[in-house]
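Novice: What follows is each chain in one-letter form.
There are 2 protein chains.
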Amino acid sequence: MTQSIHVRRYDLLRQRVDRHLASLITPGAPRSLRDACAYVLSGGGKRLRAILVLLGAEAVGGSAARALHAAAAVEIMHNFTLVHDDIMDHAPTRRGRATVHVRWDLNTALLAGDTLLAIAYKNLMRTRHADPAMLAQLFTAGVIGVCEGQALDLEFEQRNTVRVADYFSMIEQKTGRLLTVATELGGHIGGGRPEQIRALHRFGHHLGRAFQLQDDLLDVIGDEREFGKAIGGDILEGKRTYLLLRARERSRGSDRAILDRVMRRKTVPPARRETIAERRALVTRVRAIYDTCGVLDDTRRAVQDNTARALVALRALPASRAHSMLHWLAGALVHRSS
Amino acid sequence: MTQSIHVRRYDLLRQRVDRHLASLITPGAPRSLRDACAYVLSGGGKRLRAILVLLGAEAVGGSAARALHAAAAVEIMHNFTLVHDDIMDHAPTRRGRATVHVRWDLNTALLAGDTLLAIAYKNLMRTRHADPAMLAQLFTAGVIGVCEGQALDLEFEQRNTVRVADYFSMIEQKTGRLLTVATELGGHIGGGRPEQIRALHRFGHHLGRAFQLQDDLLDVIGDEREFGKAIGGDILEGKRTYLLLRARERSRGSDRAILDRVMRRKTVPPARRETIAERRALVTRVRAIYDTCGVLDDTRRAVQDNTARALVALRALPASRAHSMLHWLAGALVHRSS
Numbered sequence: 000m001t002q003s004i005h006v007r008r009y010d011l012l013r014q015r016v017d018r019h020l021a022s023l024i025t026p027g028a029p030r031s032l033r034d035a036c037a038y039v040l041s042g043g044g045k046r047l048r049a050i051l052v053l054l055g056a057e058a059v060g061g062s063a064a065r066a067l068h069a070a071a072a073v074e075i076m077h078n079f080t081l082v083h084d085d086i087m088d089h090a091p092t093r094r095g096r097a098t099v100h101v102r103w104d105l106n107t108a109l110l111a112g113d114t115l116l117a118i119a120y121k122n123l124m125r126t127r128h129a130d131p132a133m134l135a136q137l138f139t140a141g142v143i144g145v146c147e148g149q150a151l152d153l154e155f156e157q158r159n160t161v162r163v164a165d166y167f168s169m170i171e172q173k174t175g176r177l178l179t180v181a182t183e184l185g186g187h188i189g190g191g192r193p194e195q196i197r198a199l200h201r202f203g204h205h206l207g208r209a210f211q212l213q214d215d216l217l218d219v220i221g222d223e224r225e226f227g228k229a230i231g232g233d234i235l236e237g238k239r240t241y242l243l244l245r246a247r248e249r250s251r252g253s254d255r256a257i258l259d260r261v262m263r264r265k266t267v268p269p270a271r272r273e274t275i276a277e278r279r280a281l282v283t284r285v286r287a288i289y290d291t292c293g294v295l296d297d298t299r300r301a302v303q304d305n306t307a308r309a310l311v312a313l314r315a316l317p318a319s320r321a322h323s324m325l326h327w328l329a330g331a332l333v334h335r336s337s
Numbered sequence: 000m001t002q003s004i005h006v007r008r009y010d011l012l013r014q015r016v017d018r019h020l021a022s023l024i025t026p027g028a029p030r031s032l033r034d035a036c037a038y039v040l041s042g043g044g045k046r047l048r049a050i051l052v053l054l055g056a057e058a059v060g061g062s063a064a065r066a067l068h069a070a071a072a073v074e075i076m077h078n079f080t081l082v083h084d085d086i087m088d089h090a091p092t093r094r095g096r097a098t099v100h101v102r103w104d105l106n107t108a109l110l111a112g113d114t115l116l117a118i119a120y121k122n123l124m125r126t127r128h129a130d131p132a133m134l135a136q137l138f139t140a141g142v143i144g145v146c147e148g149q150a151l152d153l154e155f156e157q158r159n160t161v162r163v164a165d166y167f168s169m170i171e172q173k174t175g176r177l178l179t180v181a182t183e184l185g186g187h188i189g190g191g192r193p194e195q196i197r198a199l200h201r202f203g204h205h206l207g208r209a210f211q212l213q214d215d216l217l218d219v220i221g222d223e224r225e226f227g228k229a230i231g232g233d234i235l236e237g238k239r240t241y242l243l244l245r246a247r248e249r250s251r252g253s254d255r256a257i258l259d260r261v262m263r264r265k266t267v268p269p270a271r272r273e274t275i276a277e278r279r280a281l282v283t284r285v286r287a288i289y290d291t292c293g294v295l296d297d298t299r300r301a302v303q304d305n306t307a308r309a310l311v312a313l314r315a316l317p318a319s320r321a322h323s324m325l326h327w328l329a330g331a332l333v334h335r336s337s
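Protein sequences, first through last, are from chains Z and A.
Per numbering that gives the first Met the number 0, the first sequence starts with residue 0, numbered consecutively.
Per numbering that gives the first Met the number 0, the second sequence starts with residue 0, numbered consecutively.
One or more hints might be untrue.
Identical copies carry no separate label here, and so any pair may be met within one copy or between two of them.
Claimed, not checked - Derived SDA-like pairs (lysine to any residue); straight-line CA-CA distance at most 20 Å:
{"no.": "1", "residue 1": "238", "residue 2": "159"}
{"no.": "2", "residue 1": "238", "residue 2": "106"}
{"no.": "3", "residue 1": "265", "residue 2": "313"}
{"no.": "4", "residue 1": "265", "residue 2": "103"}
{"no.": "5", "residue 1": "238", "residue 2": "5"}
{"no.": "6", "residue 1": "121", "residue 2": "96"}
{"no.": "7", "residue 1": "121", "residue 2": "137"}
{"no.": "8", "residue 1": "265", "residue 2": "104"}
{"no.": "9", "residue 1": "121", "residue 2": "143"}
{"no.": "10", "residue 1": "121", "residue 2": "133"}
{"no.": "11", "residue 1": "121", "residue 2": "140"}
{"no.": "12", "residue 1": "265", "residue 2": "106"}
{"no.": "13", "residue 1": "238", "residue 2": "263"}
{"no.": "14", "residue 1": "238", "residue 2": "94"}
{"no.": "15", "residue 1": "121", "residue 2": "80"}
{"no.": "16", "residue 1": "238", "residue 2": "14"}
{"no.": "17", "residue 1": "121", "residue 2": "254"}
Since the hints were derived computationally from the structure, they do not count as laboratory data.
No experiment lies behind these values; they were computed from the predicted model shown.
All chains, full assembly: derive it from the sequences and hints.
Specialist: See the structure below:
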């Protein structure tokens, strides 16, 4: 019952963010640029970061309406990073649609990303707040953090050994940073006290970790239809996930040799075209190694642990509808199958 | 005598900007990203945009010191656009050094550009001013304008007819926009009155036009050693300059056919490798067409006309050292040979 109220409200907030984003595309800009930006902003998705801004503001007693520009800013900034990351990763699709550099070209994707970042600032600076420079600095530190996280991720691709601790530093910037920026911005705009902002920061931090670990896990144990991408994609790509790095640390002999070969797939594609059966067999084999050396259980525990810490952080905030939404959200993200 | 005082002061301001930019690179970021950003910011150049911010502030009675963060912001933003434009234009060199995507790779150049834009905002927001959100909005409108100008430029490359009026709209965004952002930001930070800010805007606008037209002209009539790039580069590349577009409008018969072929070079490279003699002959031939149909004189006149208008705009500002520097600068940019 309460569950479905939250689902409904989340959906209402999501629609509000979508409508706001749609209103931002105005005529006047060169056609290719405008079309590409509109395409990106209409791409849907959970709008999680925007909604965290709105709920962050409400959770400290402020209004979601006043945080809407900042919510849009964080969501647009997230989309800017996706457009540029997709170029760097040579990704053909995103959320079931062609990526911008595939649908248009590299130049359009590059410029659309740049423009989206500027549009994000334009929205952020529409926020009514006593200290807009502080909001801009918080946001900017987030942009720099996400770029540094992506740079680390690219550096890791070239390395055959990456420590689990390095992985967490990278993920904290690349994925986690935007979630803490979202919750903190909401807290500031809602007029939160310093200890409330710190609590929102901790909530965002642990939620980000849980979210990313769950993402890594879903690639191996998820349901293909629900998750929206082929199972084992990370393995076939040789992506350095927590699972792969931890399993590599723990394994020996032939298991380790297999994981090393998986790591090399990132930079050296398989010498000949593999059959679907071969790819499936590899995913199954690696999943079995993950299971045997206990990283699947490990990851599940880490997801639960981080979710629990996120919920502990919430205790510093007063009971409210937003508080209860954030509580529900943390659980929903962990139990999601897509 | 006065001349050399201005040259000396310009040089002092340039060094101040250079030192400030060098101080921004701090350890901590992933190595490739930090190195690439440091490489870009240490690339030298005239630092014209930064110095326009400083002089804009002084020209309305403010202090250059207080405008230094914003001056750095505009300069860094300019460098962000150069890094990404060089990717889009496949440019191998910039100011005599390898471009970032050549020296490192596409991904590093993409990320370094993104990071530089964020660093620009970080600096801008360090400015002490009563209305930082207004400064950020002015700056952001500039970023969007420059991106739109670049998008138009790319669209023009695909078109075999571009009207001179379209060229000016494009240039006004791509090149001119940053100069008006620079002078206006300076005026605001210096505490200028609205009519003073408008005067600084007009000064930047006409200076930008004069500057770009002079740039187009120098490609054809400049001295190779002084200008630092091969003469006729724009012609060999098929770049849509004011000279080419205006000459194409005016020419007929075989002259027009030659200019049409020049336009096509942008998208369709010459079928076979041309000898240096052939390339020189083409440049000489096109230069002769420009001369015959009067576009060289036309452009010289437009440069002078815009310089004169820039100087008229300055009349709205009180006499001061900065005023006299701006006056000198407008002349120096027009009479430059590099």
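Novice: Please go over all the hints and tell whether each is borne out by the structure.
Specialist: Right, here's what the structure says about each hint:
{"no.": "1", "hint": "238 with 159", "verdict": "within (11 Å within a copy, 44 Å between copies)"}
{"no.": "2", "hint": "238 with 106", "verdict": "between (26 Å within a copy, 17 Å between copies)"}
{"no.": "3", "hint": "265 with 313", "verdict": "neither (39 Å within a copy, 58 Å between copies)"}
{"no.": "4", "hint": "265 with 103", "verdict": "between (25 Å within a copy, 19 Å between copies)"}
{"no.": "5", "hint": "238 with 5", "verdict": "neither (34 Å within a copy, 57 Å between copies)"}
{"no.": "6", "hint": "121 with 96", "verdict": "neither (27 Å within a copy, 34 Å between copies)"}
{"no.": "7", "hint": "121 with 137", "verdict": "both (15 Å within a copy, 9 Å between copies)"}
{"no.": "8", "hint": "265 with 104", "verdict": "between (23 Å within a copy, 17 Å between copies)"}
{"no.": "9", "hint": "121 with 143", "verdict": "both (17 Å within a copy, 10 Å between copies)"}
{"no.": "10", "hint": "121 with 133", "verdict": "both (15 Å within a copy, 10 Å between copies)"}
{"no.": "11", "hint": "121 with 140", "verdict": "both (16 Å within a copy, 8 Å between copies)"}
{"no.": "12", "hint": "265 with 106", "verdict": "between (25 Å within a copy, 15 Å between copies)"}
{"no.": "13", "hint": "238 with 263", "verdict": "within (9 Å within a copy, 43 Å between copies)"}
{"no.": "14", "hint": "238 with 94", "verdict": "within (19 Å within a copy, 38 Å between copies)"}
{"no.": "15", "hint": "121 with 80", "verdict": "both (17 Å within a copy, 18 Å between copies)"}
{"no.": "16", "hint": "238 with 14", "verdict": "neither (33 Å within a copy, 45 Å between copies)"}
{"no.": "17", "hint": "121 with 254", "verdict": "neither (51 Å within a copy, 47 Å between copies)"}
Violated hints, in rising order: 3, 5, 6, 16, 17; the structure is consistent with all others.
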